[in-house]
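Number of protein chains: 2
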Amino acid sequence: MTFTPKGEARRDALLDAVLRVLARDGSGGISHRAVSKEAGVPLAAATYYFESLDDLYVSALKRATAEQVALFEGLVSGDLRQFAEALYDWVYRDRGAAIAQYELMFLGMRRDALREDAEHWYRSLECALDPQGQHPEHARLVSMGVDGLLLRMMWLGEPATVDAVEATVRDLISATTSAS
Amino acid sequence: MTFTPKGEARRDALLDAVLRVLARDGSGGISHRAVSKEAGVPLAAATYYFESLDDLYVSALKRATAEQVALFEGLVSGDLRQFAEALYDWVYRDRGAAIAQYELMFLGMRRDALREDAEHWYRSLECALDPQGQHPEHARLVSMGVDGLLLRMMWLGEPATVDAVEATVRDLISATTSAS
DNA sequence: TCCATTCTGGTACGTTTGTACCACAACATT
DNA sequence: AATGTTGTGGTACAAACGTACCAGAATGGA
Chain P
2 MTFTPKGEAR
12 RDALLDAVLR
22 VLARDGSGGI
32 SHRAVSKEAG
42 VPLAAATYYF
52 ESLDDLYVSA
62 LKRATAEQVA
72 LFEGLVSGDL
82 RQFAEALYDW
92 VYRDRGAAIA
102 QYELMFLGMR
112 RDALREDAEH
122 WYRSLECALD
132 PQGQHPEHAR
142 LVSMGVDGLL
152 LRMMWLGEPA
162 TVDAVEATVR
172 DLISATTSAS
Chain V
2 MTFTPKGEAR
12 RDALLDAVLR
22 VLARDGSGGI
32 SHRAVSKEAG
42 VPLAAATYYF
52 ESLDDLYVSA
62 LKRATAEQVA
72 LFEGLVSGDL
82 RQFAEALYDW
92 VYRDRGAAIA
102 QYELMFLGMR
112 RDALREDAEH
122 WYRSLECALD
132 PQGQHPEHAR
142 LVSMGVDGLL
152 LRMMWLGEPA
162 TVDAVEATVR
172 DLISATTSAS
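Line by line, the protein sequences are chains P and V.
Its first residue numbered 2, the first sequence is counted upward by one per residue in this note's numbering.
Its first residue numbered 2, the second sequence is counted upward by one per residue in this note's numbering.
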């Protein structure tokens, strides 16, 4: 499974397209034809670079997850403002993409091939909250809250401002500090 | 769209089948044929009682959501043990069904027809935590934590015992009490 | 330059899909 | 008993699907 640079580029274009289709139409919208059309490549390219639809699917998820993990891990620890901005941007900049990420999470629960990556993504959230690993129990509680916060943002569209997001994160953190 | 009692029973059987297929194969497994086969009725019944696949889908979600809401609302307020047991049973008794419920949540985010029900389900969690509506901000934070807890249970299989679930809920509640 | 590998893009095939249709059985109402 | 509504189940069909195939273009090392 080794490709030329140009081939690799086409492969990447297909993976990008998967994420766009996913963000636009949800997981039901994924098909060889839809993705290849979105990527602007012939149908056969999708079957040439990925041995099955499942492979295409899983590869795209792995990359999306890795990007998300990198985003979380790139956050300066303790900078709540930056953290809140990251959450805000992620959900509201492209709501479809954020929803897709969670849809993929649940897809990962049903596919062993994705489970490991999904757990990694999940735990990276904890690491962003507790980089030193000094308060694991605290991080655990806060990450639960942040997860719920993200769902609420996607769903209800609130908190609707960066400030409000930051305030909520601050509440979650300061609140659970006393219990850790 | 009114049906005879027997017709109504068949309709219900189809809705039940949707939930079973959903729990077993995920949202991608839903089709007229799969559902009718699962329900033990001919294909045409699925098209007779539901004007489209979307209608079947949406109707099943509405019922599943309503049941979930009833479960939450039936909880005796303040009885954390009972609440923890409800969460534990819901996730671990039939993990596929629990995952399906969340998959449907995300489906609801993309379909206006489901949005209202989804929000209702979501808010019923808050009501279970704060029946009197006396501490809305507190309930908001705790419900976020419980949401995250549910995801973690589905995903990582932890906390793995009723006691541990209860302890976590207790932590979430007592912790955020100080911030409300 | 030659040749083997890699990549291209069009086409084809067998399945499964959503949905429509229809002849008929069951039923309720008069 | 007659009649109109409602439910039944088999079948049909066009579309979309995953995937396989292949003739040839492009590419890179000998």
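For the record, the hints were derived by calculation from the structure and aren't laboratory data.
Remember, it's a predicted structure, so these values are computed and weren't measured experimentally.
Glycine residues also receive a C-beta, built at the ideal position from the N, C-alpha and C atoms.
Misleading hints may appear alongside valid ones.
To be verified - One-sided and incomplete, this derived list gives chain V residues near chain P with beta-carbon spacing under 7 Å: (1) Gly27; (2) Ile31; (3) Tyr89; (4) Ile100; (5) Glu104; (6) Phe107; (7) Met110; (8) Met145; (9) Asp148; (10) Gly149; (11) Arg171; (12) Asp172; (13) Ile174.
Claimed, not checked - Simulated crosslink set (SDA-like; lysine to any residue; CA at most 25 Å straight-line): (14) P:Lys63 to P:Arg94; (15) V:Lys63 to P:Arg94; (16) P:Lys63 to V:Glu117; (17) V:Lys63 to P:Lys7; (18) P:Lys63 to V:Lys63; (19) P:Lys63 to V:Arg111; (20) V:Lys63 to V:Gln135; (21) P:Lys7 to P:Thr48.
For the pair we were handed, V:Lys63 and P:Lys7, check the Cα-Cα distance against 25 Å.
violated, 48 Å
Hint check: is the beta carbon of V:Arg171 less than 7 Å from a beta carbon of chain P?
This hint is violated: V:Arg171 lies away from chain P, its Cβ roughly 9 Å from the closest one there, beyond 7 Å.
Are V:Ile174 and chain P close enough, Cβ to Cβ, to be under 7 Å, as the hint says?
Since chain P brings no Cβ nearer than about 9 Å to V:Ile174, farther than 7 Å, the hint is violated.
How about V:Gly27: closest beta carbon in chain P under 7 Å, or not?
Check passed: Cβ of V:Gly27 comes within 5 Å of chain P, closer than 7 Å.
Are P:Lys7 and P:Thr48 close enough, with their CA atoms no more than 25 Å apart?
Since the Cα atoms of P:Lys7 and P:Thr48 sit roughly 16 Å apart, the hinted pair holds (cutoff 25 Å).
If you draw a straight line from the CA of V:Lys63 to the CA of V:Gln135, is it 25 Å or shorter?
violated, 29 Å
Pair hint V:Lys63 and P:Arg94, alpha-carbon separation not exceeding 25 Å:
Since the Cα atoms of V:Lys63 and P:Arg94 sit roughly 29 Å apart, the hinted pair is violated (cutoff 25 Å).
For the pair supplied as a hint, P:Lys63 and P:Arg94, is the alpha-carbon distance within the 25 Å limit?
holds, 21 Å
Should the hint that V:Ile100 touches chain P count as held when the rule is a Cβ pair under 7 Å?
This interface hint holds because 5 Å falls under the 7 Å limit.
With a cut-off of 7 Å on the beta carbons, see whether V:Asp148 makes it to chain P.
holds, 3 Å
Checking hints one by one. Is V:Asp172 an interface residue toward chain P, by the C-beta closer than 7 Å rule?
Since chain P brings a Cβ to about 5 Å from V:Asp172, closer than 7 Å, the hint holds.
V:Met110 as chain P interface residue, shortest Cβ-Cβ below 7 Å
holds, 5 Å
The structure fails hints 2, 3, 11, 13, 15, 16, 17, 18, 20 (numbered hints given earlier, in ascending order).
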